[in-house]
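With the hints as your guide, set chains U, S, C, Z and H onto chain B.
There are 6 protein chains.
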Amino acid sequence: MRKKVLVVAAHPDDEVLGCGGTIARFADEGCEVYTLILGEGITSRDDSRDRHKREEEIRTLKKEAEDANNILGVKKVYTFDFPDNRFDTVPLLDIIKTIEKIKCDVKPDIVFTHHQGDLNIDHQTTFRAVMTACRPIKDESVKEIYSFEIPSSTEWNEPCSLTYFMPDYFVDISKSLKVKINALKEYETELRDFPHPRSLKALELNAKQWGIKMGFEATEAFKTIRIRT
Amino acid sequence: MRKKVLVVAAHPDDEVLGCGGTIARFADEGCEVYTLILGEGITSRDDSRDRHKREEEIRTLKKEAEDANNILGVKKVYTFDFPDNRFDTVPLLDIIKTIEKIKCDVKPDIVFTHHQGDLNIDHQTTFRAVMTACRPIKDESVKEIYSFEIPSSTEWNEPCSLTYFMPDYFVDISKSLKVKINALKEYETELRDFPHPRSLKALELNAKQWGIKMGFEATEAFKTIRIRT
Amino acid sequence: MRKKVLVVAAHPDDEVLGCGGTIARFADEGCEVYTLILGEGITSRDDSRDRHKREEEIRTLKKEAEDANNILGVKKVYTFDFPDNRFDTVPLLDIIKTIEKIKCDVKPDIVFTHHQGDLNIDHQTTFRAVMTACRPIKDESVKEIYSFEIPSSTEWNEPCSLTYFMPDYFVDISKSLKVKINALKEYETELRDFPHPRSLKALELNAKQWGIKMGFEATEAFKTIRIRT
Amino acid sequence: MRKKVLVVAAHPDDEVLGCGGTIARFADEGCEVYTLILGEGITSRDDSRDRHKREEEIRTLKKEAEDANNILGVKKVYTFDFPDNRFDTVPLLDIIKTIEKIKCDVKPDIVFTHHQGDLNIDHQTTFRAVMTACRPIKDESVKEIYSFEIPSSTEWNEPCSLTYFMPDYFVDISKSLKVKINALKEYETELRDFPHPRSLKALELNAKQWGIKMGFEATEAFKTIRIRT
Amino acid sequence: MRKKVLVVAAHPDDEVLGCGGTIARFADEGCEVYTLILGEGITSRDDSRDRHKREEEIRTLKKEAEDANNILGVKKVYTFDFPDNRFDTVPLLDIIKTIEKIKCDVKPDIVFTHHQGDLNIDHQTTFRAVMTACRPIKDESVKEIYSFEIPSSTEWNEPCSLTYFMPDYFVDISKSLKVKINALKEYETELRDFPHPRSLKALELNAKQWGIKMGFEATEAFKTIRIRT
Amino acid sequence: MRKKVLVVAAHPDDEVLGCGGTIARFADEGCEVYTLILGEGITSRDDSRDRHKREEEIRTLKKEAEDANNILGVKKVYTFDFPDNRFDTVPLLDIIKTIEKIKCDVKPDIVFTHHQGDLNIDHQTTFRAVMTACRPIKDESVKEIYSFEIPSSTEWNEPCSLTYFMPDYFVDISKSLKVKINALKEYETELRDFPHPRSLKALELNAKQWGIKMGFEATEAFKTIRIRT
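Protein chains in written order, with my numbering: chain B, 1 to 229; chain U, 1 to 229; chain S, 1 to 229; chain C, 1 to 229; chain Z, 1 to 229; chain H, 1 to 229.
The following block holds chain B by itself, in its conformation from the complex (with noise of 0.2 angstroms):
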């Protein structure tokens, strides 16, 4: 099983966050696997976007990413500059357009992307364009789309249909658990103290959740979006 595997993220980081463990186990098990990152992840820290004053920061962020990716086994990361959380003042179909380049360059059999229902504006922008860039016409090279949670976006929307994690997909990463965490060390920037959802004791207490609900040790959840076969 030689599947190839293209990760959409909306910032760096989020790649390995939502689905760094299942990363490091398929590319362990022989799958090809890409991600692509469609935002700078730095310029919303200001009033309005300068993205010249943060051209630094930017630049060790995509280092940073080159560095995780790497450890997790991903073969190649695609960056693009979309500005971050504010997703909603470019053209959906500007996004649109952008996976449905990579995509045809890479023809994935397997895409991982973010939930629709997550508070972040980018995840969900990221969400419905990877939707409509990856339509099941006929000659579609993806066969199965999951999307990922992201702990402190995720869960922290209003707690309703519309917008909650129901995942059921279940990965066991009770072996490449701590590669995830390793490749996470990499985001040194964007790391929190615990008990926040993003300090990596909480990240493996999130996993372990999993696995307990799940019968495994570790465990990566994900909602099914479209599985042909």
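For the record, the hints were derived by calculation from the structure and aren't laboratory data.
Zero decoy hints are in this set.
Remember, identical chains collapse to one label, so a pair may be satisfied in a single copy or spanning two.
List of simulated lysine-lysine pairs, DSS-like, C-alpha gap at most 25 angstroms:
| id | residue 1 | residue 2 |
| --- | --- | --- |
| 1 | Lys201 | Lys178 |
| 2 | Lys76 | Lys107 |
| 3 | Lys53 | Lys97 |
| 4 | Lys138 | Lys178 |
Same frame as chain B, but now just chains U, S, C, Z and H:
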């Protein structure tokens, strides 16, 4: 029952795909049917919108719309130039005001429009604008609103309660299916080959499939948004 | 991939209607498939249940089940005598324990069963019992659970998020559709004339309709309940 | 439009509470309206059912039902003796068969019944039985099904998508509200004092409240279950 | 219990319509209440926004807001100039940052804001911005968030689980209903005549209607978004 | 705030699993807490119920319940003998009347009970019975109702809006987690080994996991059913 019907569509051909058989039947039974098409339906093919470059194709498409609606028995087609697949770059209020103007002109009893859960951003926006334009205040002419499906947009979103098309209103189009198919043929540039959902044969199968579920030969399916009687 | 599959159906013929094409394909690809049919499928015709009176019809139906499953390539059919369309008169726990016993015998990797939103009370009960019988504890063999639709039950409930069938897992049955149809022919007593949803032609149209939506020639549609991998 | 209407209610008075104004209006406009009341509406007052002990109250209540429906213009009231608030002790199939018999007798075009999300177990069961009894097969007379609310049952369940009453069909009962109130007065034993939701004043307020939302003086609200036309 | 309350409203008068009775009661019981109004509430009357032209009306409306909130016992009203009914033309992040600033100033325990399913685009956007601005991190002051309904926006969207207002938190405003009505009278320019949902009489009926359902004389209804205690 | 709290649980130990930490905290803060346990919790182990055979285990379990609740600070435990995992064989009305009696005795302000979407049939039935027993009529003592999760039942149902536990009310149990764990130890016969969700370590992880999401050290999560204030 000489009611007035207004169909509000995002793009040329949506009105036929979504409710062409019902239009033809209602027109045949003495209703006055009007079609409002909001977008030009062409310019999303380019990476950035260039209306000028696509002038001729837009004109052709408007001509096809005239002819197709003519076949269905529509009294008048209103067309506007909102940017194809980029309705999110326009203030929602502009679209609302556009619909309101036509609505005040036509004074329809019944409105058909898109499903709010469609994958296509223009479809979603059209639905939202219609809902605001047709608020049920005291002297509002609109008494019934229904939403329709568009093959290859409605069924390709995430299958969840937030987006899924769950129709409850089924119109027998056994006698008008042929007219619908003929109208669609006018939209030469928009049709695809079987098995694409927007091929003539796939559209016929869709009508038969709803028919089987509801005990008719051919059926169009809608979701009741509001009936006041 | 020599996986074991268990199909849990409420009545004889549900297993073919719901996933006959998939059974045939999986069996052909080397899976071991088992069918468990809980109810006798006959006695609801009488105002009060009289199993004795219907003895012969029940026997005939079991014979048809054997033959149909044989055609699909099923290794073994387990049948029980829960009262047709009266599963609500039986303690749910009895049905759970019945499924558990067969499940422990077969040790399936994959389970297919009814959709919890079906109009038919036996279908609903079967789903619930399966969910309890296959809890994801540590050494549970069942790794995947999917639910299927049954034409003329699944689509005739109230169309709402509580009940609607919103599939996300689509199996290409282009090559096995013919086998499914042949298996269905064995259930002579259960088939209806077109345009009833349970006529041969309607079933074929249904497979083609899902195919159109998913880019295959013929498809069976399922909802992912849980995948652990 | 001389349509036939069948109202299927769980208990005496539900038919008036749920759709009394609509019955009166439709009857006034020339429809033939029939009422089917499934339960006796009394015996749940005792810890265990004692029909004999309550014989007289049951007879009184049936008399009130006759009188109330008479006021509304109903042609005939069918009553049965299913055990009050204990429909879960009866096989669902028995209730389905009862409804089927009356339905075949009346051959209604339109059916009104309870909301499936009501707190009351008999209301829920009635809805389910109606859905099965009125399946949309080819020669089925029933073309429209709507569900109604019952003050003090519909609004007292958990407020979630699974149970909430979200109406989309609004009938102007400005002219028949008075008749509804008069019919309710016949059910002396069932009414409560204001501010109980089943007091006359509260019921009037409810009709006015829906009216305000929909631009009428007084309104009854329903949920469209299915329209075939 | 001297808690601090922050009401976040999209337009002047929403704070009174949505939770005026609760504000008055809480203020009376010793809470400090603050109101934040994001939009100017006027310029959507023009086809394209002309703030200058509407300068005076905007000033009048702000004055009315001051007076109305004064009557309710609000300590301070913060107003901003986001474009009326055109919040979708502003980056969501700008609105988030605005709310965050006021929130850090006030340090509220409780926040009331719009329902995410409202038809009005500004209401929806306000809800989303509040959710991000009040994330439940460790030292966040906000412990409770509730959403309110706005007559003539909340009830006029499509009636589905995605949008419907299903309240679970009911505040007895029997004693403060009069104050709410008085505060509303200050918003002369915004009120409508009965039977419009935003007439004084309709608003009173609404409070009584929720009261009937919950056993109080007059009630405001809210949806619990989050309580941390 | 010396409020009265009633916990309604289906089986012995559910009250501790679901809200043990909250009970301990509320009792410590001066509330009077009562526990009502409906089922005997043992006899489902047999293929058909034999209460006599299990007499002693039932007595042991009741003793454990007494001890566990004692540790939590509960004033009184009411136990009944409804058949374990066979609540569907009892008329719902019997369970309602049982709860009503205790409720009238205790006159609680707050009720905690099961989540209606739990996989376990007794949990579901308990929720429904509580909702009817605590209808919000005028002089009803119950002002607040919340539902809790039970590890290994709540998370093992189909993950859909119909069943998923989406909490909105979070109680900080940092100080009482230890008491909860101690109370659980009394239920020796019910505990499982890690990684089963009902092991001591898994329960502790669960409390920490909700804590991380809500900014506390340890948390119990509930869904608000209704608050009247």
